[in-house]
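Chains as they are written, first to last, in the working numbering: chain B, 1 to 496; chain G, 1001 to 1299; chain V, 2001 to 2213; chain E, 3001 to 3681.
In case anyone wonders, no lab produced these hints; they're calculated from the structure.
Wrong hints could be hidden among the right ones.
Stated by the list, open to error - Listed next, the in silico DSSO-like pairs over lysine-lysine satisfying Cα-Cα at most 27 Å (straight line):
| # | chain 1 | residue 1 | chain 2 | residue 2 |
| --- | --- | --- | --- | --- |
| 1 | V | Lys2075 | B | Lys362 |
| 2 | E | Lys3186 | B | Lys436 |
| 3 | G | Lys1277 | E | Lys3403 |
| 4 | G | Lys1027 | G | Lys1037 |
| 5 | B | Lys153 | V | Lys2075 |
| 6 | V | Lys2075 | B | Lys302 |
| 7 | E | Lys3572 | E | Lys3632 |
| 8 | E | Lys3636 | V | Lys2210 |
| 9 | G | Lys1255 | G | Lys1027 |
| 10 | E | Lys3614 | E | Lys3186 |
| 11 | B | Lys411 | B | Lys362 |
| 12 | E | Lys3572 | E | Lys3610 |
| 13 | B | Lys153 | E | Lys3652 |
| 14 | E | Lys3127 | E | Lys3052 |
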Amino acid sequence: MLYLLLALPMISGLLCCFTKARNAELINILGSLLTGITAIYCCLTPFMTGTAQKLNSHKIYKLLILDELSAILVFIIGVVGTTCCLYGVTYLRQERSHGAIAEKRVGLFFGLLHFFVATMYLAVLADNLGVMWVAIEGTTIVSALLVAFYGNKSALEAAWKYLIICTVGIAFAMLGIILTFYAARGVLGSDEISLSWQQLYLVADQLDPSLMKLAFIFILVGYGTKAGLFPLHTWLPDAHSQAPSPVSALLSGVLLNCAIYAIIRFHLLTTLAVGEGFSNQLLIIFGLLSMVAALPFILVQKDIKRLLAYSSVEHVGIIILGVGLGGALGYTGAILHLINHALGKSVLFLSAGTLAQRYKSKLIPKIHGIGQWLPVTSAIFMASLLAIGGLPPFGLFFSELTIASQGFQVKGTLVGFVFLMVIAVVFSGLIYFGGKMYFSDPGACPPKKERFSASHVLLLLPLGLLLLQGIYMPHAIQQLINQVVKFMLLGGMPSV
Amino acid sequence: MSGKLLIILGQFSFLLLLAPLINGIIKKSKALLQCRKGPSLLQPYFDISKFLRRESVVSVHTSWLTQLTPIICLASYLVAGSMIPLWQHENLGIGDMIALTYLFAMARFFLALAALEPASAFGGMGSSREMMISSLVEPVMVVGLFSLAAVAGTTDINGIMGAGQNPAGLLTFIGLLIVVLAETGRIPVDNPDTHLELTMVHEGMLLEYAGRQVGLLHLAAMIKQVVLLMLLIHLFWPQNPNAPVYWAVVLMIAKVGCLALVLATIESVLAKMRLFKLPELMAGGMAFCLLAVLSTYLI
Amino acid sequence: MVDLFALIFLVASLFMLAGRSIINTIILLTVQALALCLIAFYLGLSSQETNWHMVIVGGLTLVVKVIILPWVFYKLVYKVNLHREVSLSVGLVSSILIGLLLIGLAYGYIVPVLLKDIPVGGHLISAALAGVLLGCFFMISRRSALSQLIGVVAMENGLFLCGVAVTGGMPLIIELGIFFDILVGALVMALMTYQINDTFETIDTKFLNKLKG
Amino acid sequence: MYYSGRFFFFYKQYYGEGSVMFASIQGNIIFIMIAIYLIGAVMPFLFKVNSKMSFITGCIPGSIAGVLGLVLGLAGLFSTDPFGVSFGHILPGVELIIQIDRLSGFFLSTICLVTFLIGLYSWEYMKIYRQENIAWWSFYYNIFVLSMVLVVTVNNAIAFLIFWEVMTLTSYFLVTFEYRSQNVRKAGFVYFVMTHLGTVFIIGAFFIMFNGFGGWGYDVLARNSISLTASEKSWVFLLALIGFGTKAGVVPLNVWLPLAHPAAPSNVSAVMSGVMIKTAIYGMIRLMIDIVGPGPTWWGGLVLTLGIISAVIGVIYALMEQDLKRLLAFSSVENIGIILMGIGTSLVFYSWAMPVPAAIALAAGLFHLFNHAIFKSLLFLATGAIYYATHTRNMEELGGLMKKMPQTALLFLIGAISISAMPLFNGFASEYQIYQSLVTISSLRVSGLWSIAGILAAVALALTGTLVAACFVKAFGISFLALPRTPKAAAAREVPLRMRFSMAPLAALCLGLGIFPQVAMNSLLGVVDQLIPGSRVPELTTYNFDLALLLLATILVLLALSRLLGTPRVRKTATWGCGIETDAAMEYSAASFSQPFRRVYRGLLQPQRKVETKGNLSPYFGYQIYFEEQVKSVLKEFLYRPLRSLTISMSKKWQCLQSGNINLYLGYVFITLVVLLVWVR
């Protein structure tokens, strides 16, 4: 099943690459829907079958594995990835009608998009640190091509920066992996098994602490670059703002989460090996730093997609902080926030992309009167903006509160308070720009009003999920989250 | 119940009958101090009865509010006055100091509204100035009254009888005297005799009234004056609760008369202040009252 | 013997910081890769039992890093017609000093202080770490896209050395994946360099500064 | 502790149940009420845009649910045990229980009473916004009211915060309903941001009490708070004060209020000013008194001081306003100040372990809160009626409405009299009780300083009272009396019956509660009894009925006398205008009315006068004079504006980090790595 999950996007990607625009669209729709369904099915299995996918004994090694934590990521990729791929159809049609993208490159676009999704699936499914690294490096390469898709100056610039910075970062991560391997070799031998997450967790307490510390630093810097932690985030606003909107949504909603996923895994491992107080300190520092540092950028931003990108930096900070704070509440908050942010931010990027497309500009002052011109899209845009700003009834409010409560518990009032304050000030920045765009005059002659269409339904789906997350989470889902949190609390060990 | 009613009626009639006389006393003594002969002591009675019988001229812009205001003023001053025991020291249960203060405020509220109604600039000016002055006067009044009430532990008027009879009370008395000057529209604050438009405050509000209405309003103003004086007497120079009724009444008339003389003297000695110098005067009054409070609690 | 190759590797890394000529840099990069491949062959063949793992890795290095990539870069130099690094963001002298400092960091701090409990064989690991750091610093100090590309490969070389030094090589499948990745990555970067040259008419990344704030 | 005991009954019944469970008939009513609000939110979307039905389906469900809520609230107010219904665990660790105890019952009935009438009013009033999308308005409005209802009835911190923020969010959209105007957008933004920042403080206050497990129920927090240190308790208090103070509009934090209230449609401002800001008071009482319990005396002192400052400053600014709704908004600040004076006094007593005076003071505060809800919404609705009739809220453009719309005028007058605390009306009754509490502080002689403070507070209240009177003399006098100043005002007509009808009960309540305040006070003492242990207060009696009777009798007798004595001739003429025909230009205007106050209180107001004479003769004979006098908001000038520009300039500096240079970016990565490597030791 897991191989199917990888194969589906690969195949549809290949097919897309070599067909004409119209067929590519069709293949894209089919492929992404199939992938999405498979992903949802897969991600439910560890919860349904309990321990079926888990390996409790030593020395059994599989290339792909799906435990509770990766199931969450698979779910996110499944939902967001499918949404973005499907929305890409509408987006590209619009671009084509503007002439921004040539007809024959459509297939390539969808192909790359699917490859991108496939690499991300691989990254979260791989049980092997090395494979995971390869997959993450693969995401960089593929998505860099996507970022550069428009081929204009700024797109190239962004793609180049993205590629170089992330490659450098990822190289450091490799160093961390090598050190881990070094540490694990004494325990597990020099086979691939020494790089298996599952096995490493089992023997974590026998790993050398000083090596693991060093390894964690390299990993943090490496995957932190990919995740967009301040001050390693520099590629992020450029890439997000220049990529086609579905790609930005994927970058922000999923790719960052993959890197965060890697950090979380390593954090769990390091905590087991080194003990509390090292990796979580680092994560708390980086989390807070990212949040605080992203704030000024948001307050004086002019480009709407950069605005959202910086908000991603902030949210990555929140998640990392939640993980760093740890405990049942911290992990619950972090996991929920991971999901919520992915859902919210992707919708936001997609709707912002449509706005930018219609106004032919990404500059906020030029996008005015969206409430009247594009009533449906703008309503979705505003709703997701408020959600991302952390306002109930959307889920981010609750996940932020949960993290904050753990902050108050663990690190005292000041940290919790700064955390909340930063979120609130960011929110004020967002609502300032949001209000400016929404409640203003559309200019001289508003063209005919937009009608409700299928692509809006597509955007409303994740938004509906967010609403559920924020105001009424079904009991079954709460149980699932609990299971994941238990898994994390046990330090990544499969719960028996 | 009927006993209470009788007492209240008695107070009402006392106020209604006495008020013009006190005004007469003040006018007469002022005249004497200015070496004039002055009108007769009973002149205010004649004035009022004349006003009450005269034809009244009403602006077309006005409504029922203008008609009702004199009645409301008169009624609230009367009710306020009935709270201050003249001879009977049983609690009537119709209000206390706070109610008394606010009854004055109510009369002023309606008066100020009615002054705005005829669309004349003078009424508006009077009303605006009156409200401004009240915002300066009332805090002083409250600080004076409440400092006494806090010492007595109650805001009940019967309960604080004679509460000012101590050294600190003297300071309070001075403060409250300034309040009385301001509230009655007497000279350093306002000039009751002027009809020069730009300086009048209280008279400005009555400018568009005529006939019976203005008579009622004049009467109300006189009653207010007596009520305030009675309040001062009640606080600082109380009646003997055991004295017979007629003696209490006579004594009260005498005491009020005395204070009226004091007012007249002050009025003759001082000159009218500029309107915007008033905050300083009131700050002075406030200072006296606060000094009294400080000396009560800190020394 | 291995230490000697490691020294060659390190010296090559340091010398890369010292020159402006891009051709020279490519040659130094090739020397680096050659040293690596020799280390791999040596480790694979020196013991009684031939370590095929090492031999394969060494061969791959020879093909990818000694032959293909330098050739691609060499072509690129002629395509974009840029033989000398004109503008540096860090001056040559100071960059050499910093380079020495980084080597000191690796030799004097990371290995002896941070990893003092670990039995480390020779100075391979220090050299590898220093190689990674120097590669990274090389990228910081150079402005042209091509040099940055070269820096990436230099970093990968360091990583490779690290893998060899520390663990005797990563598992083969991983190793293969990494090679593939590097190859594709470098090629994509080369392609992009080409595109940048086309679009901007320069590959000086100084001009890639429109996106800010 | 008394606390857990009180909740025991409740939890035995509900705790641990996963699914929705109806406790009883009340539970059913709660459920139906919520459903009706939701119906009201969604229904208008089903009808054609702005058809007749969309007005009805948008406004009437709110009223129906309001009646249900009123019933529930009254049931809660007078029942001995709290009742409620559980909706199960809506979020991990959060069980949504709607629980109505007496405090909730009081607030619930206040909210529902006001919104019931406003629903009826809106039905007619919203017709002036025909060109806007009424469906969205109904959506936000109903959700807004629903969230207010839930805010005061949930018993869980997280649920409270969720509905609190939903309340802010929906009211933001209601404020920006007339979004075409720049000012409205700005007002909405300031409102949203300030209250959102305030929420952070509230969250902080709740979370200090949270101990990591056991849930976020109020009872759990109350139990946790027992083990807090004194300084932690004080932090809870301070954070709650700032947080709720922002929403309530306490003075240094009130900037949003005079912007947002005028920006919203009048019926919405009536809800916001009448009840929404009261939910903040609910939060304060719940947190400071119910959950945390007694604290040091300075808590009360601080609240009292803030109350005084808000009251005085609020009313002074109110007096300066020309815009009726801004005037009312500032007056809300003032009334919140008065309410806080009651609460602060109560906290002082509570800290001295004097439950009975504490209870009376708190009840007085609550009473004033209720009264303010009544007369402020009445005034806002009446202002709405003016706007409906004339399309302006600027007093300088009104005048003479007394003749044009006599019934609205009467209703406004009743509101104005009540808010100015004239005897007979409810404002007086509650302010009276606050005066009493202040005098009690002073007469208890706990310490000399407090005795003096009590008197000074009373003085501040007196000052406020006179200024309020002045303010409403101006508001009523300038807009309703004399001659119409513009054709708009001259063309005004009486508003439809439905609008008058929905205002009338409020006016009746103003009078009723003024005459029988003991009814309200005694039931409020019941509420307070639940909050402050050992505060059973014997029946309070007041003289208000006797006073009212006497006053009315006197007025009637005097009226009768003046009739019986024979009416002299009355001649109606135009007002004497010194020989010129009087016209509206000669009237006293709103600005001139407040001019003496501007002068006397210039230290605070900093009026900026600008006079330009355009004329070729001497300055005394210019034919055209331009006059402008603006008052400066000291807070805005010296606190908020510098803060804002500082933030922006600092942010711009910080932006230089992202300079676009890739070498620099790589340097960041490198430096981070090196720093971490050094740090790791």
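Hint check:
Distance check on the hinted pair: Lys2075 of chain V and Lys362 of chain B sit about 38 Å apart at the alpha-carbon level, beyond 27 Å; violated. A hinted pair counts as satisfied when its Cα atoms are at most 27 Å apart, and Lys3186 of chain E with Lys436 of chain B qualifies at roughly 9 Å. A C-alpha spacing of about 39 Å is found between Lys1277 of chain G and Lys3403 of chain E, which places the hinted pair above 27 Å, so the restraint is violated. Restraint check for Lys1027 of chain G and Lys1037 of chain G: satisfied, since their Cα atoms lie roughly 10 Å apart, inside the 27 Å limit.
Proximity of Lys153 of chain B to Lys2075 of chain V is assessed by CA-CA distance (about 23 Å); at most 27 Å being required, the pair is judged to hold. Annotation: proposed proximity of Lys2075 of chain V to Lys302 of chain B is violated, straight-line Cα distance about 41 Å (limit 27 Å). Pair hint Lys3572 of chain E plus Lys3632 of chain E does not hold up; C-alpha atoms about 44 Å apart against a cutoff of 27 Å. For a cut-off of 27 Å, the pair hint linking Lys3636 of chain E to Lys2210 of chain V is broken: about 38 Å separates their Cα positions.
As the CA atoms of Lys1255 of chain G and Lys1027 of chain G are separated by approximately 17 Å, the hinted pair is consistent with the 27 Å bound. The straight-line distance between the Cα atoms of Lys3614 of chain E and Lys3186 of chain E is roughly 35 Å, outside the 27 Å bound, and the hint therefore fails. The straight-line distance between the Cα atoms of Lys411 of chain B and Lys362 of chain B is roughly 40 Å, outside the 27 Å bound, and the hint therefore fails. This hinted pair does not check out: Lys3572 of chain E and Lys3610 of chain E have alpha carbons roughly 40 Å apart, beyond 27 Å.
The straight-line distance between the Cα atoms of Lys153 of chain B and Lys3652 of chain E is roughly 25 Å, inside the 27 Å bound, and the hint therefore holds. Among the hinted pairs, Lys3127 of chain E with Lys3052 of chain E is consistent with the structure: their alpha-carbon atoms are about 9 Å apart, no more than 27 Å.
In this structure, the hints that do not hold are numbers 1, 3, 6, 7, 8, 10, 11 and 12, in rising order.
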